[in-house]
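Engineer: First to last, the protein sequences are chains A and B.
Here the first sequence is numbered in my numbering, starting from 1 and rising by one per residue.
Here the second sequence is numbered in my numbering, starting from 1 and rising by one per residue.
It is worth saying that the hints were derived from the structure and are not from the lab.
Careful, some of the hints might be misleading.
Unchecked claim - Computed list of lysine-lysine pairs in DSSO-like fashion (alpha-carbon distance at most 27 Å, straight line):
hint	chain 1	residue 1	chain 2	residue 2
1	B	301	A	35
2	B	301	A	317
3	A	263	B	32
4	A	196	A	166
5	A	35	A	317
6	A	166	A	133
Stated by the list, open to error - Some chain B residues well away from chain A (every beta-carbon gap over 12 Å; in silico):
hint	residue
7	49
8	281
9	286
Ideal Cβ placement from N, Cα and C applies to all residues, glycine included.
Each chain, letter by letter, is given below.
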Amino acid sequence: MTASMTREQGVEWLRQMLRIRRFEERAAELYQLGKIHGFLHLYIGEEAVAAGSIPALTHDDAIVATYREHGHALVRGTSMRSLMAELFGKATGCARGRGGSMHFFDASRRFYGGLAIVGGGLPVAVGLALADKLQGRARVTACYFGDGAVAEGEFHESLNLAALWKLPVLFLCENNLYAMGTALARHQSQPDIAEKARAYAMTAHTVDGMDVLAVEVATRRAVEFVRQGNGPCFLEYRTYRFRAHSMYDAELYRTKDEVNEWKQRDPIAIFEQRLRAARLWNDEDRAQLDASIAAEVEDAVAFAEAGPWEPVDDLPKDVDSRAVGNQQSAISQKLNADR
Amino acid sequence: MNITYREAVRSGLREALQRDPRVFLMGEDVGKYGGTYACSKGLLDEFGPERIRDTPLSESTFVGAGIGAALGGMRPIVEVMTVNFSLLALDQIMNNAATLRHMSGGQFSVPLVVRMATGAGRQVAAQHSHSLEGWYAHIPGITVLTPATVTDARGMLLTALEQPDPVFIFEHAYLYSMEGTLEEGPVPVEISHAAVRRIGKDVSLLTFGGSLWKALAAATQLAQAGIEAEVVDLRVLRPLDRDTLLASVRKTHRAVVIDEAWRTGSFAAEISAVIMEQAFYELDAPVARVCSEEVPIPYPKHLEEAALPSVENIVQAVRRLLG
Ligand SMILES: Cc1ncc(C[n+]2csc(CCOP(=O)(O)OP(=O)(O)O)c2C)c(N)n1
Ligand SMILES: [Mg+2]
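The whole structure should be built from the sequences, with the hints applied where relevant.
Structural biologist: Structure (structure tokens):
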């Protein structure tokens, strides 16, 4: 086992990956039962990316993610209860139930979404980083997006601007080889994504996204690079989604064999194997972990079930700061007092 | 013959591709995936990858490429997955597609057809529930169609391809699974007129797209209370057929406009203004509007329903008008 990992770290990564998987498996069941609606994009297969990369950030750093963000929010530390409640659409959810699966938010953890327009998060991340730079804060903004986003103009505009202005953005491409049903090689003339970042004079690396340790090592290094004021950095994680794009699709665009081959590289199974081989982990440890995660998931489901719906009268609340029903925030009270 | 709206769109696409070798379809996941709403399922096998083209996620560029291909003599059908993502292509639409003919002194035309899904009602939250066809109807130089029936879903596409100028077709996502009867008649349907979908004498319900079915359901309920509502399907938002809607208002003397967009600056406001300008003295009551609440559309069902126009809202609006 590599020197850069303690047992404690390794167990924590495994725990986080399993929390994501169990949370999502349960969410998929609850979808079938009609408890969750709309779009539900599962991260299953890609867990090593969130589990390995997010611990490399500090509490002060920011995260901008996509509609496939359950794992990121969980690892960041938003409670499973409030995430499950959000999936149900309950007022106890992390966005008061208004966003659902695609729109997790948690201001206290600088988690800026949960944004569902492909490519739409990159300019926002550039702006967050600009604010930090202008105010002399040594914070990093981590921006997750898929391989599909690489085709959007906003990707290119954002990389260029961040590099030009040397902004502290960490661009994290979760390359799962497909944008819905369109394979990378069918939408990119240059399928080497890191190469594109280099074209903007940005430091870029390709990382095995099925290996949580590799993800952690590469991300920690990249975070340091950015924090030291060297400008943005780009990581491309090579990963794979095991499930359909959203809850259902006919998967006409890939073969069962291909999916099965990738499943041989299941990030959880592989990493657990390594812990066992290093004699850091055994059946009993696993049983204990399984039991505690199962309890956490069931507790989250019970919490979500028990939560109230937001009253319909609150619909206009927070459309803007003046909207009816808004409580006066500390800032607006102060402003009014000043006047 | 009974078919779904989705099958109607597919049959229109197939016929268009068979009729004219210049026609091709491009957009995100129209090919191998079979279309986000399965409208183009099977067409890749039938017509091949030259004519059923999967594009990268580049709304601005593939809409712009559609404009270029149209300028170059092709008859492209561009599918923008949903109206929500068309915002990324707004520059191409507004500054190129809509202006080129006029700005070039009539030297160029852009025979482009752009289709997209629109509307809310499927619990997909604030970034995936927009109804922006009214915005598009603001733009001179383009035609805006809102097929609400299976006949229009198939026929309007074929008519659109016969136009020398850009045509935008908005398909309400809620309608794709709806079944309907294909009407007899010319297959490229006419696109100059609104259609009276139900005859009545007491009030005119003026609407389009997905809201048509709510208006018809409201009319059925009102009929049980002895109120005869006339339902007008505007069909074409630009150029608007004022005559048909004004004729209806002159007959019933009351109008309720139903529009899934937000009230402020909505297409419903435009319709209301048309009535004020041209039928003010015919009215027995002020024009009423049933629109969405002025909030981003929320995810949970009870809040989404509260935000969108409902059959009940329409019935109530009519009752208020009739006093
Ligand atoms: C601008 C825009 N266009 C289209 C869509 C519809 N859409 C949602 S996810 C997706 C595929 C994105 O693929 P990728 O960026 O690789 O992310 P992944 O889903 O693989 O995580 C598409 C086309 C969208 N949400 N936004
Ligand atoms: Mg992808």
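Engineer: All the hints need checking, so say for each whether the structure fits it.
Structural biologist: Cross-check of the supplied hints:
1. 301(B) <-> 35(A): With a Cα-Cα distance of about 11 Å, the restraint between residue 301(B) and residue 35(A) holds, given a limit of 27 Å.
2. 301(B) <-> 317(A): With Cα atoms ~17 Å apart, residue 301(B) and residue 317(A) stay inside 27 Å; holds.
3. 263(A) <-> 32(B): holds, 23 Å
4. 196(A) <-> 166(A): This hinted pair holds, its Cα atoms lying about 17 Å apart.
5. 35(A) <-> 317(A): Given that 27 Å is the threshold and the Cα spacing comes to 25 Å, the pair holds.
6. 166(A) <-> 133(A): The given pair, whose Cα atoms are some 9 Å apart, holds under the 27 Å limit.
7. 49: violated, 9 Å
8. 281: holds, 36 Å
9. 286: For residue 286(B), whose nearest Cβ neighbour in chain A is about 24 Å away, the distance exceeds 12 Å, so it holds.
The structure does not agree with numbered hint 7 stated previously, though it agrees with all others.
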